[in-house]
Amino acid sequence: MDICFFTHYLPNPYIGEVERVTYNLTQYFKENGINVYFLTTGGKHHSGLIPTEYNLDKRAAFINEFLKKNNIRILIDQYISEPYLRHPHIDSTIKIIGCHHIDIIERHIFRSLLQTFSINNLKSSLMNVAFLLNTPRRRFYNNRKISNLLTGGIDRLIYLSKHYVNHMQKKHPKNKSLFSAIPNACENQLSSLSPINCKKKQIVWCGRIVHNPKNVLFLIKLWRNLSTEFTDWEMILVGDGCDRHLLEDKIKRYRLNRITITGYTDPYPYYRDARIFVFPSFSEGFGMSLIESMAHSCVPVVFDTSMVFHDIIEHGTNGFIIPDYNESEFIDTCRKLMNSDLSSYAENARKSISQFSIDTVGKQWLTLFNEIIA
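Residue numbers -14 to 359, in our numbering, belong to the letters of the sequence shown in order.
Be aware that a few hints might be false.
As the list claims (entries may be wrong) - Straight line, CA to CA, 25 Å or less: simulated SDA-like cross-link-like pairs of lysine to any residue: (1) 321 <-> 213; (2) 348 <-> -13; (3) 130 <-> 101; (4) 235 <-> 112; (5) 54 <-> 78; (6) 15 <-> 31; (7) 29 <-> -13; (8) 161 <-> 133; (9) 206 <-> 327; (10) 54 <-> 321; (11) 159 <-> 174; (12) 237 <-> 54; (13) 159 <-> 135; (14) 336 <-> 187; (15) 15 <-> 78; (16) 43 <-> -7.
Claimed, not checked - The following label-pair restraints were derived from C-beta to C-beta distances: (17) 130 <-> 30: 25 to 35 Å; (18) 160 <-> 183: 50 to 60 Å; (19) 314 <-> 99: 18 to 28 Å; (20) 183 <-> 50: 48 to 58 Å; (21) 251 <-> 106: 28 to 38 Å; (22) 357 <-> 158: 36 to 46 Å.
No wet-lab data here; the hints were simulated from the structure. Every residue, glycine too, gets a C-beta built ideally from N, C-alpha and C.
Model the full assembly from the supplied sequences, consistent with the hints where possible.
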């Protein structure tokens, strides 16, 4: 069986969540005798690079020729954003699987806007206002896009959680059979890591430094409440992004110590050192950094803002899910953990990641392939 992924760039284990997940799946498929090809819209030149100067019809023709030439039977669209990657533009003999990697319920858009609005950065603030005002229109077109996909545009639509699937099946009861749930997969070495016992007194966060949807300003509030009490602890923020200056300004304003922003770098060494992983996002499609930190024996603390968290965390056993908006409980939970022996939570977190190993998730994909080909 030959398959093809559509991504923005060739899969890379070090760039982005979608590219990293695609890379992991590619290695698994190849090991199981499946030839894997790629169609992309950017990056270095390769045979599947779609010419950007082509219009919709020419792009569809290019893709059909590429798929036919390589005897591809299944096309996996990782973004479901391009109209030329759907039937009838794509030959009906090709099975199309669409993947929805984002949280399907937007939360806290207005809240994040208020927290980041600044006269000193008026252009960016006005762009955020425009994004907020466009929310009803954006939701209308997203719903219409899904409806069009389900009426002959694709052969299966994949979400990252069974909770998302249940939500969508209620909205589209006539097309229930077209929805499936398959989580993101981590590489096998993560799901088989040994316990890490020599941990430093560190709290770690990892991601793009953008307030919407990552809620990064709460990290400053969290550390303001904890740093004076726990003078032998430190906080590490792994990542970079357009709102980094907001964090740096607040760190300077509040004269916070023992808090570091690393910039873009490999997060694994920081996961190995840290005891607690905090994830206060307003929303998450899945959160690879969450399962990667748990694989390294970090105890996670998250807000109950995404349904997928309930697939990953069993509250009070391998981590903690804090009611949405309850910032004081989030801070108190971290405080209790910093005063506690975390070994049992850490071990449970590490063991629970096996359900997201590439072997486990890859088998779900192989089953799906057989279903839609049959």
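Evaluated hints:
1. Taking the CA atoms of residue 321 and residue 213, the gap is about 15 Å. The hint holds against a cut of 25 Å.
2. Between residue 348 and residue -13 the CA atoms are separated by roughly 16 Å; this keeps the pair inside 25 Å, and the hint holds.
3. For the hint linking residue 130 to residue 101, the alpha-carbon distance of about 31 Å lies beyond 25 Å, and the restraint is violated.
4. Between residue 235 and residue 112 the alpha-carbon distance is near 22 Å, which keeps this suggested pair within the 25 Å criterion.
5. Between the alpha carbons of residue 54 and residue 78 the distance comes to roughly 13 Å, so the proposed pair stays at or under 25 Å and holds.
6. Under the criterion of a C-alpha separation no larger than 25 Å, the hint pairing residue 15 with residue 31 is consistent with the structure, at around 19 Å.
7. Simply put, residue 29 and residue -13 have alpha-carbon atoms about 23 Å apart, close enough for the 25 Å limit, and the pair holds.
8. Restraint check: the Cα-Cα separation between residue 161 and residue 133 comes to about 14 Å, which is no more than 25 Å; the hinted pair holds.
9. The straight-line distance between the Cα atoms of residue 206 and residue 327 is roughly 23 Å, inside the 25 Å bound, and the hint therefore holds.
10. Simply put, residue 54 and residue 321 have alpha-carbon atoms about 60 Å apart, too far for the 25 Å limit, and the pair is violated.
11. Simply put, residue 159 and residue 174 have alpha-carbon atoms about 41 Å apart, too far for the 25 Å limit, and the pair is violated.
12. Of the supplied pair hints, the one linking residue 237 and residue 54 is violated, its CA atoms being roughly 58 Å apart against a limit of 25 Å.
13. Distance restraint check for residue 159 and residue 135: the Cα-Cα separation of roughly 9 Å lies within the 25 Å cut-off, and the hinted pair is therefore satisfied.
14. A C-alpha spacing of about 21 Å is found between residue 336 and residue 187, which places the hinted pair at or below 25 Å, so the restraint holds.
15. A distance of roughly 23 Å separates the Cα atoms of residue 15 and residue 78; the hinted pair therefore holds under the 25 Å criterion.
16. Straight-line distance between C-alpha atoms of residue 43 and residue -7 comes to about 18 Å, which keeps the hinted pair within the 25 Å bound.
17. Roughly 30 Å separates the CB atoms of residue 130 and residue 30, a value that falls within the hinted 25 to 35 Å.
18. Distance hint check for residue 160 and residue 183: the Cβ-Cβ separation is about 52 Å, which falls inside the suggested range of 50 to 60 Å.
19. Checking the proposed 18 to 28 Å range against residue 314 and residue 99 shows it holds: the Cβ atoms sit about 22 Å from each other.
20. The given range of 48 to 58 Å is respected by residue 183 and residue 50, whose C-beta atoms sit roughly 56 Å from each other.
21. A hinted range of 28 to 38 Å for the beta carbons of residue 251 and residue 106 is consistent with their spacing of about 30 Å.
22. Against the hinted window of 36 to 46 Å, the Cβ-Cβ separation of residue 357 and residue 158 comes to about 21 Å, which falls outside the hint.
Hints 3, 10, 11, 12 and 22 from the list above are not met by this structure, while the remaining hints are.
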